[in-house]
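Single-letter residue listing:
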Amino acid sequence: MRHILSILVENEAGALSRISGLFSARGYNIESLTVAPTEDPTMSRMTIVTVGSDDVVEQITKQLNKLVEVVKVIDLTDGNHIERELMLVKVRAAGKDRDEMKRLADIFRGNILDVTDKSYTIELTGTGSKLDAFLQAMEPGVILETVRTGASGIGRGERILRI
Amino acid sequence: MQLTGAEIIIRCLQEEGVEYVFGYPGGAVLNIYDELFKQEKVKHVLVRHEQGAVHAADGYSRSSHKVGVALVTSGPGVTNAVTGIATAHMDSVPLVIISGQVPTHAIGQDAFQECDTVGITRPCVKHNFLVKDVKDIAVTIKKAFYLAASGRPGPVLVDIPKDVTQALAEYSYPKTVSLRSYNPVTKGHAGQIRKAVQLLLEAKRPMVYAGGGVILNNASSQLTRLVRLLGFPCTNTLMGLGAFPGTDPQFTGMLGMHGTYESNMAMQHCDVLLAVGARFDDRVIGNPASFFRSDRRIIHIDIDPSSISKRVKVDVPIVGYVTEVLDEMLKLIESSNIRPDPAALKIWWGEIKEWQRKDCLKYDKKSALIKPQFVVEKLYELTGGDAFITSDVGQHQMWAAQYYKFDKPRRWINSGGLGTMGFGLPAAMGVQLVNPGATVVCVTGEASIQMCIQELSTCKQYHLPIKIVNLNNRYMGMVRQWQEFFYGNRYAESYMDALPDFVKLAEAYGHVGMKIEKPGDVEGALKDALAQKERLVFLDFITDQTENVFPMIAAGKGLTEMILAEEL
Ligand SMILES: Cc1cc2nc3c(=O)[nH]c(=O)nc-3n(C[C@H](O)[C@H](O)[C@H](O)COP(=O)(O)OP(=O)(O)OC[C@H]3O[C@@H](n4cnc5c(N)ncnc54)[C@H](O)[C@@H]3O)c2cc1C
Ligand SMILES: Cc1ncc(C[n+]2csc(CCOP(=O)(O)OP(=O)(O)O)c2C)c(N)n1
Ligand SMILES: [Mg+2]
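So the sequence lines, in the order shown, correspond to chains A and B.
The opening position of the first sequence corresponds to residue 90 in this note's numbering, with each subsequent residue numbered one higher.
The opening position of the second sequence corresponds to residue 9 in this note's numbering, with each subsequent residue numbered one higher.
Taking lysine-lysine and the BS3-like style, the derived pairs with C-alpha atoms no more than 30 Å apart in a straight line are: (1) 195(B) x 161(A); (2) 321(B) x 151(A); (3) 195(B) x 155(A).
Listed next, the stretches of chain B that the computed footprint assigns to chain A, with coverage defined by at least 3 CB atoms under 8 Å from CB atoms of chain A: (4) 123-130; (5) 176-190.
Treat the hints as calculated values from the structure; they're not laboratory data.
Beta carbons are placed, not taken as given, at the ideal position from N, Cα and C, and that holds for glycine.
Take the sequences, apply the hints, and build the full model.
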């Protein structure tokens, strides 16, 4: 099962390597990991997408909580949540493909951020599967470059992660 | 008043009441050594290898419940210390290790004796710090002691660059620290405790399984009271020996890979299992799939949530300090008039007594060769069961655990989790220093003792009258045993060729050496050695090379699949 863990961590040098080291040392997998400071500059928030049985994810959560610099951990997939990922895609856009490409970006609510006479750079936000769908909708060979942030997540409604 | 970083470090150690620092100097810690030199409160013990420093601090802590302190220089000082740190980490021993680092401006430049200490030690410490500002030293050291000793204990390393030990700052030592991200749950959940007590009182085939957590938390008296009050059988892990008195009739012996037949059978066949400060290690329960029983309820008390339901799913998890949880349980049971069903308990004890009739620890007492078990039994008799016993890793360690009956906690000092050969002698130094006048015996093997043999020199310098009982079988016996059982007697590299003359070796270091070759001489030699209160005596017992440790459960097998001596 896929789980999304949201982690509040002290904004200290080394915290990230403690967390990534924990995953590799114990053989847990990381599908994606994003991290940035929060509105409180002493803390960062991390979103880790991992795959594992419920038992494994329970252990991961406990092991994360055990790290001295980890302030709080929640499993967003335990309840309703919102998940978003940002992707930048550079695609070939020349000749007759150009209009088609623009239309496709519109359908997926993408923004074209940069234009040359041969290419578009498109910004797309959504769930991971929406971004996958966009890439699949494209003809092979059209994609020149992609970069994705990995998922960020937040609970719905009153579900709040803070200290 | 402004103090240098090095002065601050020493002040902090004094403030923490540190009696001994085990260490080894080098460039990056010279400022700290200079300050050590100028005072007398904190005594320094100069070891002969940094591994020895950490093991000594470790033995000091395990036998006294105080935080052990080690001091090492950057680069090779740290890398030498890593084995000691990992050993303490696996067994949850509270240590503070202070390491020197190259000056802050040189970090990352591949400077002389630079290594990424925080990176190298990260996976084998409870926490570590790099202090880049002299103003942070005091609070960081305070945090280090607090983290090391609270919650699930463990080693904490503080890495301090040389320029930081020179820089000046105002000094004040914080009285307390708190970390918002670190708040171990210490008090057990009341509802869970009630549930546990109810299960215990309804049990028909109960078993108590207690481990290192009871020792670490000084909870032996509570555990003993509870077990006696309920009339239940009790087993201890290798790390828990002494948590419940080894001579108590309710004690069924150690359990696990080399545990007793009765403990392992009872563990497998009980209907309610109370696990206290024990972590269902693979050397204890064997294969979790064979251990599983749908009709057994498990209660697990542990300070570390990640120890609970890690290898074995439990029914009643209780997170908290053993002392606090057992106190609550005792209160509930003592204030209720319900007691476990005596008839059911009688039947259960009958079954256990039947298992005990196997007499699984018997061995040949008529042999013309010295049986290692006999040496440990004699040692037990002659010390009245009251010595501190440290050990290394191998067969001798298991025999010490099986045949020395520990009635008190903190008397049995060994490396269980990491299984570090070389631990015994330096650990004994720490034990002897914090228990002056006590009988401290290191039960070791001819292979293990050579891994930190250099510490004989430290023992001379500090007049540590340790007794070394070398069960010399000319083999890495434990390795040989596996090769005999599982590798068709192919003894690859397990014969200890070219052994030194241990008597001469001991003498060369300024100690007393004895070689004992006949069973009839064992008792006399031990008596003689134990009477030499001021001297370190190295007793080299030439033992039966072919002796094996029984019972034994092969790796990956279930608890009841024991190999017994008579079956071979
Ligand atoms: C050659 C060899 C053979 C071995 N054979 C055996 C064997 O036959 N039998 C055996 O038992 N072991 C054996 N071991 C040792 C084994 O590897 C483990 O080290 C040991 O079983 C673990 O003991 P434990 O479960 O008591 O846990 P420990 O490692 O002592 O862990 C303590 C537990 O208590 C918890 N705890 C700590 N402090 C507190 C507190 N204040 N309050 C509550 N909980 C706390 C911790 O979180 C942890 O879960 C062998 C080792 C070697 C080297
Ligand atoms: C540092 C280290 N290296 C290797 C091992 C693997 N090992 C476990 S027991 C053992 C043999 C120990 O021999 P000895 O000290 O003579 O004890 P004996 O088993 O003969 O009593 C070895 C090599 C270990 N535990 N630690
Ligand atoms: Mg040997």
